[in-house]
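Trainee: Could you put the whole structure together from the sequences, leaning on the hints where they help?
First to last, the protein sequences are chains A and B. Count the first sequence with my numbering and you get residues 1 to 452, in order. Count the second sequence with my numbering and you get residues 1 to 140, in order.
Since the hints were made in silico from the structure, they are not lab data.
Counterexamples of contact, computed for chain A against chain B with all Cβ distances above 12 angstroms:
(1) 18
(2) 76
(3) 246
(4) 292
(5) 374
(6) 449
Each computed DSS-like pair below joins lysine-lysine, with the alpha-carbon atoms no more than 27 angstroms apart:
(7) A:234 - A:214
(8) A:447 - A:413
(9) B:11 - A:48
(10) A:73 - B:11
(11) A:272 - A:225
(12) A:180 - A:274
Since this is a predicted model, take the numbers as computed values, not measurements. Where is the CB? At the ideal position from N, CA and C, for every residue including glycine.
Take a look at the letters that make up each chain.
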Amino acid sequence: MVQDDSLQLGTSTDAILESISDGVFTVDLDWRITSFNRAAAEITGVSKDEAIGRLCSEVFCSDMCESACALRKTFRTQKPVINQSGYIIDSSGIQVPISVSTALLRNSDGDVIGGAETFRDLSEVETLKSELKESYSFGSFVTHSPVMRNVIETAKAVADSPTTVLVTGETGSGKELLAKSIHESSPNSSEPFVAVNCGALLDSLLESELFGYKKGAFTGAYTNKLGRFAAAGKGTLFLDEIGEISPAMQVKLLRVLQEGTFEPLGSNKTEKSKARIIAATHRDLAQMVRDGKFRQDLYYRINVITLNIPPLRERKEDIPHLADHFLNKFNQIQNKKIRVISPEVYSVFLEHNWEGNIRELENVIERAVVLSGDDEINKSHIPHDLISAVGSGADISSHGIVNIKSAVESNEKEMILKSLQDNKYNRNKTAESLGIHKTTLYRKMIKYSIEV
Amino acid sequence: MKMLLPAWNFKVAPVFDVSRSAFLVEPDELGSANFKQVDIQANCLNDKFEIIKQLGVTNIVCGAISRKAHHVACLNNIHVISFICGDVSKVGNAWVSNTLEQSEEFLMPARKCCRQSEAHNSEAKRCKSRGDCNDYSSNS
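Mentor: Next comes the structure, spelled out in structure tokens:
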């Protein structure tokens, strides 16, 4: 047994132990608790009076006690244990995640007289971790990427209103899925969601598709046909590839958007459109307006709320989850039982640039599921050009040219250095000659570790 | 009636969920506790309860137990007396003689409120309203 006076904490030590947020207790060589601070009482739910003199395992109730006791290890090895993870079960049966650290207690002669264990409640850390890991979902649209969070939040905010939405993003990035999710979350979700690919249809065909026609409107119009605006009713009309429509069609579309009315081909009766419009494009509509290829008034009409979906290469966190999602999908479709995608394949996926975005990934997984004969997708099941492209990328990296961004940064640093020399290291003049503000120059100098 | 007593170093194991060994306790003809050591090590709770069910266990007397494990026990119609500590032989005999729940000797610290509340309905209601005992009072 440890002598009482050898474990008596001084007043100041006592005050420190009572003030910290980590739980601390000490035990003697019989594993009985000799001191127990305020935080230890808070975390375990056991008061100091109840804890003192009890076996530490009866108070601590940790998953480590029986087979992975950190203090026992410290007694055995004479070395401290730092931040060993586990959990305790508090008095209400709740598992509290903790990390423990240990140390030996010695008397003035250097003899071991007990041990000290500090433990930290990781509940908050674990909650934050799970929040970071959690996906941002919106209808069928699920993402694990923080850069998508704003897009999802804005989409959620606009779903309730009838506002026209413009979804931009590269081909295959999930524009239609996001539009569908907005529709599914809207008050009119029970109404139809009608999608039209404006880029796939000729002008005359697009007009009849959108507005419909009456019998006899043109050769071959044997019956009345309902257009997509009418079919959408009070639901959503998704106009994909709106940047592809002709100037003439732009005028017709503008009228519907402005006045909410249209006339089917061959009809002189004006019909009302109550459909919400969600347009999408992979093009830079603002640039098209500047180039005179897209009507400015139509652009302003559809560009009320813009949601820009970043390309897959800018949200690589989503790749493993999407890959798993498509694996499940094609397992069901093709009646296969492929369980996993090998880590090598994941690393190829993470290196790949995904110009075709999610659609490209979906196709790659579909192909792999077809080719795989066992329960795993490995490198032999994915297209060779995917692997070789990644491989050649690695070669380039090894020669020092990593990508455009690093090349730009390298040039920028050289320009700043040269300009500083030319201006005899006068920062104001350097900033002026570079055409940037002096604070920008200062920031970039820090970024590139340029010391003057 | 068979009772499972998870054990470690001949004492009640501190945490049921990770306990690897236990004693199966049954009263003999003379009213004394009969102990038989059993292995209950499993990879997950469901596997552990599969083993326990196969042993014909109707009661578990254990140390700390997570709510999840307690819930699985309830689903398997196994009565749980939790937050018990002490020597295996003493606890086993106290259970056989029906004195376990009356004695404070075997209670883990800070668990008195819950145990007492299980024994007394009015107290249980008070505890439950505080949210202290939630799952635990259901078995009392």
